[in-house]
Amino acid sequence: MNAIHCRNINKHFKQKKVIALREIDFTVPKGETFGIIGPNGSGKSTLVRILSTLLIPDTGSATVFTHDVVRSPMAVRRMINRVSVDAAFFKKLSAWENLRYAARLYGVPKKQAREKTLAILDSMGFPKKRFDEPLEELSRGMQQKVAIARSLFTSPILLLLDEPTTGLDPRSKKEVQDFIFGLKRQTDITVLLTTHDMAEAETLCDRIAIINGGGFIAVDKAERLKDRFGVNDLEAVFMRSTGKEWEESEQDAEGRD
Amino acid sequence: MRVKTEIVSTLGFLERNLSLVRRYLGWEIVFMTYNIVNALTIGFIGVTQGKQFVMYLTIGALVWGFLSVLFHEISESVAWERWEGTIEYTFMAPIHRFTQLFGSCLFAIVYGLIRTVLILFFVALFLGLSLKQANLGAALVVLVVSGLSFIGLGLVAAILPLMSTEKGAQATHIMEAVILLVSGVYYDVSVLPKWLQPLSAFSPATYSLRALRGALLEGKSLTELWPTVLLLLAIGVLLIPLGLIAFNQAEIYAKRTGKLKRNG
Ligand SMILES: Nc1ncnc2c1ncn2[C@@H]1O[C@H](COP(=O)(O)OP(=O)(O)OP(=O)(O)O)[C@@H](O)[C@H]1O
Ligand SMILES: [Mg+2]
Numbered sequence: 213m214n215a216i217h218c219r220n221i222n223k224h225f226k227q228k229k230v231i232a233l234r235e236i237d238f239t240v241p242k243g244e245t246f247g248i249i250g251p252n253g254s255g256k257s258t259l260v261r262i263l264s265t266l267l268i269p270d271t272g273s274a275t276v277f278t279h280d281v282v283r284s285p286m287a288v289r290r291m292i293n294r295v296s297v298d299a300a301f302f303k304k305l306s307a308w309e310n311l312r313y314a315a316r317l318y319g320v321p322k323k324q325a326r327e328k329t330l331a332i333l334d335s336m337g338f339p340k341k342r343f344d345e346p347l348e349e350l351s352r353g354m355q356q357k358v359a360i361a362r363s364l365f366t367s368p369i370l371l372l373l374d375e376p377t378t379g380l381d382p383r384s385k386k387e388v389q390d391f392i393f394g395l396k397r398q399t400d401i402t403v404l405l406t407t408h409d410m411a412e413a414e415t416l417c418d419r420i421a422i423i424n425g426g427g428f429i430a431v432d433k434a435e436r437l438k439d440r441f442g443v444n445d446l447e448a449v450f451m452r453s454t455g456k457e458w459e460e461s462e463q464d465a466e467g468r469d
Numbered sequence: 005m006r007v008k009t010e011i012v013s014t015l016g017f018l019e020r021n022l023s024l025v026r027r028y029l030g031w032e033i034v035f036m037t038y039n040i041v042n043a044l045t046i047g048f049i050g051v052t053q054g055k056q057f058v059m060y061l062t063i064g065a066l067v068w069g070f071l072s073v074l075f076h077e078i079s080e081s082v083a084w085e086r087w088e089g090t091i092e093y094t095f096m097a098p099i100h101r102f103t104q105l106f107g108s109c110l111f112a113i114v115y116g117l118i119r120t121v122l123i124l125f126f127v128a129l130f131l132g133l134s135l136k137q138a139n140l141g142a143a144l145v146v147l148v149v150s151g152l153s154f155i156g157l158g159l160v161a162a163i164l165p166l167m168s169t170e171k172g173a174q175a176t177h178i179m180e181a182v183i184l185l186v187s188g189v190y191y192d193v194s195v196l197p198k199w200l201q202p203l204s205a206f207s208p209a210t211y212s213l214r215a216l217r218g219a220l221l222e223g224k225s226l227t228e229l230w231p232t233v234l235l236l237l238a239i240g241v242l243l244i245p246l247g248l249i250a251f252n253q254a255e256i257y258a259k260r261t262g263k264l265k266r267n268g
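One line per chain: the protein sequences are A and B, in this order. All residue numbers for the first sequence refer to this note's numbering, where the first residue is 213 and numbers rise by one. All residue numbers for the second sequence refer to this note's numbering, where the first residue is 5 and numbers rise by one.
Check before you lean on any hint, since a few could be wrong.
[To be verified] Listed next, the in silico DSSO-like pairs over lysine-lysine satisfying Cα-Cα at most 27 angstroms (straight line):
#1 Lys171(B) / Lys229(A)
#2 Lys303(A) / Lys259(B)
#3 Lys322(A) / Lys396(A)
[Claimed, not checked] Calculated Cβ distances over 10 angstroms to all of chain B for the following chain A residues:
#4 Phe238
#5 Thr239
#6 Pro241
#7 Lys328
#8 Asp334
#9 Gly379
#10 Arg419
#11 Lys438
#12 Gly442
#13 Arg452
#14 Ser453
#15 Thr454
#16 Gly455
These aren't lab readings, by the way, just hints derived from the structure by calculation. Every residue, glycine too, gets a C-beta built ideally from N, C-alpha and C.
Please work from the sequences and hints to get the whole structure.
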């Protein structure tokens with residue numbers, strides 16, 4: 213079964229006259245961890261938002277476990293959760309107060325929610341005693357861990373991670389990555405991960421898509437991408453595929469339509 | 005099962021707002037004190053003119069306090085989540101928008117009532133109340149029905165912050181100011197310039213204040229007040245579904261144009 217199925221998605225934003233996504237077409241089978249790498253402003257978050265029912269594509273369609281994100285958003289919402297790069301919380305409320313609110317929205321019993329989130333946080337090295345402190349007093353890394361706990365205690369079968377480790381120190385980053393890795397091993401969760409960390413993409417993702425100027429340039433296993441671009445690490449693949457030559461050909465494409 | 009989930013979610017909104025009130029307690033106390041003092045100063049204006057006029061003014065202050073809290077809490081519930089950045093997470097949750105808005109309304113009512121009772125207490129303490137000829141039952145009915153119409157207004161106004169955080173919040177403030185001006189909160193609408201007077205007919209507050217003063221100052225009964233009560237009820241029954249539909253449309257528009265949020 214396919215966890216994600218996108219067909220010719222196009223999305224533009226009028227205010228800024230930008231084309232955020234063009235002809236996005238891909239499939240992620242259940243259980244896969246699918247990575248998306250690409251420069252700033254290449255459309256990664258826009259794609260994640262479409263899959264999270266927060267944006268409506270101009271054309272094309274996207275389904276999550278066969279449910280259309282525009283026509284049956286409710287069904288999709290029950291299956292997904294998302295972590296964004298900025299930990300969006302009520303900053304004056306504590307981690308627990310924020311998570312309790314989320315628990316109510318997702319219909320998870322309070323006790324179960326508390327136990328589960330504490331267990332998740334604990335395994336990422338979050339200090340338990342700070343669970344009831346206002347979030348604004350926690351460091352960015354701690355807030356991000358709370359955001360990850362929020363996305364997981366609702367037991368999503370598709371997890372959308374939009375730069376979950378950006379801005380974390382190396383240890384926190386490792387803890388979060390190990391946690392995602394463990395999750396993959398122990399469950400059949402499907403993960404869509406965007407990142408600017410090439411090593412992270414390589415170790416966590418089964419396949420990787422390279423996006424530039426709103427379009428997928430290549431989708432493949434990391435090894436195959438390296439072969440294809442004739443380089444020996446993913447960073448070089450990134451540089452090659454999103455470098456000048458590509459940008460120029462993108463502009464050509466833009467000029468034509 | 006689904007209904008239960010939705011009820012639990014409604015509780016979630018109440019609980020969350022309660023936690024917010026607790027965390028912003030300092031501000032709550034400051035605003036509360038300001039509102040009490042504000043109601044008192046307005047009441048004092050009437051003292052030289054006699055008890056009846058004091059009552060006339062304090063009814064204005066109390067009713068306006070209650071209705072504007074309803075309007076504010078609902079119209080700004082979206083704006084608030086946009087400032088905090090949590091709006092995407094609330095919108096992504098598997099709950100009906102109706103539940104979310106209903107949660108905000110419920111909180112607004114409870115919060116508004118508590119505030120109004122507190123102000124009432126201090127007004128009675130300092131100015132005394134003369135309720136000898138008042139028809140309290142009728143007043144209560146009028147207040148409840150007015151609440152509905154203001155919830156409706158709040159819902160209609162809530163779509164503005166959905167489109168734009170700042171401009172939306174500005175627009176709701178302007179809306180509130182216009183209602184305050186034309187509804188005869190502290191004076192009879194007949195004192196307004198001729199060209200402004202027709203506007204007062206469009207504000208539900210005009211009718212609720214007229215009816216409440218009728219009940220509290222002249223002891224009018226529901227049988228005398230029913231045309232106004234019915235009108236208020238109609239406004240509420242019309243505006244609430246209209247607000248919900250408009251909200252849904254605005255949400256779709258926001259999701260098409262990317263107005264919900266842009267960073268990340
Ligand atoms: N809500 C919005 N309104 C207007 N323009 C938007 C909106 N969201 C994204 N954009 C624009 O669409 C393009 C793609 O943005 P997007 O956020 O998807 O990029 P990204 O790949 O996630 O970048 P980053 O790596 O910096 O997170 C950018 O040009 C951005 O300015
Ligand atoms: Mg992004």
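Outside-interface status for Asp334(A) - nearest CB in chain B farther than 10 angstroms: The assertion about Asp334(A) holds, with a minimum of 23 angstroms to chain B.
Reported absence of Phe238(A) from the contact zone with chain B (all CB gaps over 10 angstroms): holds (21 angstroms)
Interface exclusion of Gly442(A) relative to chain B, criterion Cβ beyond 10 angstroms: Holds, since 34 angstroms exceeds 10 angstroms.
Hint consistency between Lys303(A) and Lys259(B) [alpha-carbon to alpha-carbon, up to 27 angstroms]: holds (25 angstroms)
Least C-beta distance between Gly379(A) and chain B, which was stated to exceed 10 angstroms: holds (12 angstroms)
Interface exclusion of Lys438(A) relative to chain B, criterion Cβ beyond 10 angstroms: Non-interface label stands for Lys438(A): nearest chain B Cβ at 29 angstroms, farther than 10 angstroms.
Verdict on Arg419(A) as a residue remote from chain B, using beta-carbon distances over 10 angstroms: holds (23 angstroms)
Chain B versus Lys328(A) - minimum CB to CB distance exceeding 10 angstroms, so not interface: holds (17 angstroms)
Hint consistency between Lys171(B) and Lys229(A) [alpha-carbon to alpha-carbon, up to 27 angstroms]: Holds - the C-alpha atoms of Lys229(A) and Lys171(B) are around 21 angstroms apart, at most 27 angstroms.
Gly455(A) remote from chain B - nearest C-beta pair above 10 angstroms: Since the minimum Cβ distance to chain B is about 25 angstroms, Gly455(A) lies beyond 10 angstroms and the statement holds.
Given as non-interface: Arg452(A), partner chain B, CB spacing beyond 10 angstroms: Holds, because the least Cβ-Cβ distance between Arg452(A) and chain B comes to about 27 angstroms, which exceeds 10 angstroms.
Agreement of Lys322(A) and Lys396(A) with the hint, judged by alpha carbon distance not exceeding 27 angstroms: holds (26 angstroms)
Figure legend: structure checked against the earlier numbered hints; every hint is met.
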